[in-house]
Every structure is written in structure tokens, then in C-alpha cells.
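Asker: Please model the complete structure; the sequences and the hints are all you need to start from.
2 protein chains.
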Amino acid sequence: MAEEKHMWEAIELSRRNIQQGVGGPFAAVIVRNGSIVARGTNLVTSTNDPTAHAEIVAIRAACRSLKTFQLSDCEIYTTCEPCPMCLGAIYWARLKAVVYANTRRDAAAIGFDDEFLYHEFTLPLTDRKISLTQMLRHDALQVFQEWAFMEDKTRY
Amino acid sequence: MAEEKHMWEAIELSRRNIQQGVGGPFAAVIVRNGSIVARGTNLVTSTNDPTAHAEIVAIRAACRSLKTFQLSDCEIYTTCEPCPMCLGAIYWARLKAVVYANTRRDAAAIGFDDEFLYHEFTLPLTDRKISLTQMLRHDALQVFQEWAFMEDKTRY
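Chains A and B, in that order, are what the protein sequence lines are. Take 9 as the starting number for the first sequence in my numbering and just add one per residue. Take 9 as the starting number for the second sequence in my numbering and just add one per residue.
What the hints contain is simulated information worked out from the structure, not anything from laboratory work. Idealized CB from N, CA, C, for every residue including glycine. Treat the hints with care, since some could be wrong.
[Claimed, not checked] According to the in silico footprint, chain A covers these stretches of chain B (three or more CB under 8 angstroms from chain A):
#: 1; region: 61-74
#: 2; region: 79-91
#: 3; region: 99-107
[What the hints assert, rightly or not] Computed footprint of chain B on chain A, listed as stretches where at least three residues anywhere in the stretch have a Cβ under 8 angstroms from a Cβ of chain B:
#: 4; region: 37-43
#: 5; region: 66-75
#: 6; region: 89-102
#: 7; region: 110-120
[Claimed, not checked] With a straight-line cut-off of 30 angstroms between C-alpha atoms, the simulated DSS-like cross-links for lysine-lysine are:
#: 8; chain 1: B; residue 1: LYS137; chain 2: A; residue 2: LYS104
#: 9; chain 1: A; residue 1: LYS137; chain 2: B; residue 2: LYS137
#: 10; chain 1: B; residue 1: LYS161; chain 2: A; residue 2: LYS137
#: 11; chain 1: B; residue 1: LYS75; chain 2: A; residue 2: LYS137
#: 12; chain 1: A; residue 1: LYS13; chain 2: A; residue 2: LYS161
#: 13; chain 1: B; residue 1: LYS161; chain 2: A; residue 2: LYS13
#: 14; chain 1: A; residue 1: LYS75; chain 2: B; residue 2: LYS137
#: 15; chain 1: B; residue 1: LYS137; chain 2: A; residue 2: LYS161
#: 16; chain 1: B; residue 1: LYS104; chain 2: A; residue 2: LYS137
#: 17; chain 1: A; residue 1: LYS13; chain 2: B; residue 2: LYS137
Answerer: Written out as C-alpha cells, the structure reads:
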């Protein structure tokens, strides 16, 4: 099955990633019309980039390669259910489907915060582990209104 | 007030970002010991990168500059309440505080999906707008177990 072949490739990439000491046990591939157009593995520690999760790395590579900021004709195969950061990126990139292997609970069981993050995001802002406070909304809102009334802009 | 000065700088960056046609009306600065160590604006459309939200751009710049993947002694000032992708990045980077100006509802009012995304993430996987399906968990789990038993690894 083609779908299984894509996931197998992602799993092999994730295995090589840890064996070579590049980053965590995660990889993803992006598929368009049945062919892989981009690959990504977790590069957080080797590139000093906390956003370099496999899915983000793969999405950025696919967009670079296809010269677009929307991947609406693509699917992503990832070795683990995406964390909220990566799921957010998947929505912003408008990918049409996600196929995953391990779950957020499997990730939690080996020490990653995915499940904690999903819970945290449902709490009121004042109950979060990282404090969120508001200031100067009135001034920032003026820029939002400037944007709303701009005619010559690229939407996304 | 120093805090207001940091937010003012972010608001001015967001204004320049739309006036120069670089991207959406969002900017962020990262502060350490009272000084700005990195700036970011929304670069989605000009760099073909759907992950290039202001907060992500600022976090990546701060980590590059400070040569670390953890910003636990830094705060982020952002002109809008972070979307789930950016809030995820903030948690993974271990920032100690978030200060924001506009809310997710203000962003929704000018056409951005932030509020939709927060709601979407609370739904069961099967009820989401982007389908999530699982396969080959057993095989992927073997790589997680390899990671769990590795002694020589960089945690993050």
C-alpha cells in the first residue's frame, strides 16, 4: 500500500535521526499526488531551534520546494500525532490530511510534553503555567484596523 | 514603563510590516534582562512560509543569537494573543512570560483563524476539519523505545 510505504519512510527517517544524534525520535514526509515532495526530522537540539519539529521542518521544505505558502493538495505522514505547535502549522498550511503513527500519549510516555500542552491550551489564560498578560490593546488594534481597510494586500 | 516601551516597539514593527507589504499585521520582540534580544514580524506571504508568524520568527532569531534552544530567562511581547502554533512554540522554547495586546477575537474579526483553531483543537480527532488517521503505531513505537533506552542523547 502506498500509504504504508510513506509512513515506513518516515519511521526509517526517525530511526536514523536518533541513531545519528541529530534530534528527537520524530520524522514526517509530505506527499502530493502520491509522491513525497519533502521530508523533515526533528532538528531542535542540533540546530538550536525549538520550533524545528519534524512536521514544521517538512512543511517549510515543501513550501520552499513548491514555492507556495499553502499545501492544500498535500498530505503529511508523521511518526507521531502532531503537538499543538505542529497541528497549528498544519492548519495554517492548509494540508488536506494527517496520517500519524504514535499518539500524544506515546510521546508523553517517553518524556515529551505534547499531552500536557493540549491540556494547558484548554485552561483560562490566567491558569496557565506560562503567564499571559495583556497591555496596549487599544494601540495594537489600530494596526489591525489599518490592515482590515488595506486594499492592496496578500491574504493568507 | 519599560514593558510598555517593548510593546510599543512591537506595535510599530507590525505597522511597518503591513505598510511595506511584508506580511500580516503582527510583530513580536523577545526581552532578556530588560533588553530586546530578537525581533520578528509576520513573513508568511513574503517568504512562502506558513510557519513564519511573528512569534516563531522572533523565537528562532533569539535562539540563533543566544545559541540555545531554551529561552527560559526571556519574555515575549507580541502584538496579538499567540495562535496555538505560536503558543506551542512559546512552551517548547520555555519562555517565562507572554505579554500580548490584541486578543484572538480581535484577530478573528479581521479574518484570521486563531479562534477557530483553538476550538478545533478541543474536538475529538475524528471531528476535525483536517482528518487525522492512524497507521503503523506498532512500528513507530519501536523507535520511541529505542530513544527511551538511549543513554547518550540530548534531551529538550
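Asker: With reference to the structure, classify each hint as holding or not holding.
Answerer: Hints, one by one, checked against the model:
no.	hint	verdict
1	61-74	holds (count 6)
2	79-91	holds (count 5)
3	99-107	holds (count 9)
4	37-43	violated (count 0)
5	66-75	holds (count 5)
6	89-102	holds (count 13)
7	110-120	holds (count 7)
8	LYS137/B - LYS104/A	holds (9 angstroms)
9	LYS137/A - LYS137/B	holds (29 angstroms)
10	LYS161/B - LYS137/A	holds (27 angstroms)
11	LYS75/B - LYS137/A	holds (25 angstroms)
12	LYS13/A - LYS161/A	violated (41 angstroms)
13	LYS161/B - LYS13/A	holds (28 angstroms)
14	LYS75/A - LYS137/B	holds (25 angstroms)
15	LYS137/B - LYS161/A	holds (27 angstroms)
16	LYS104/B - LYS137/A	holds (9 angstroms)
17	LYS13/A - LYS137/B	holds (25 angstroms)
Checked against the numbered hints given earlier, this structure breaks hints 4 and 12; the rest are met.
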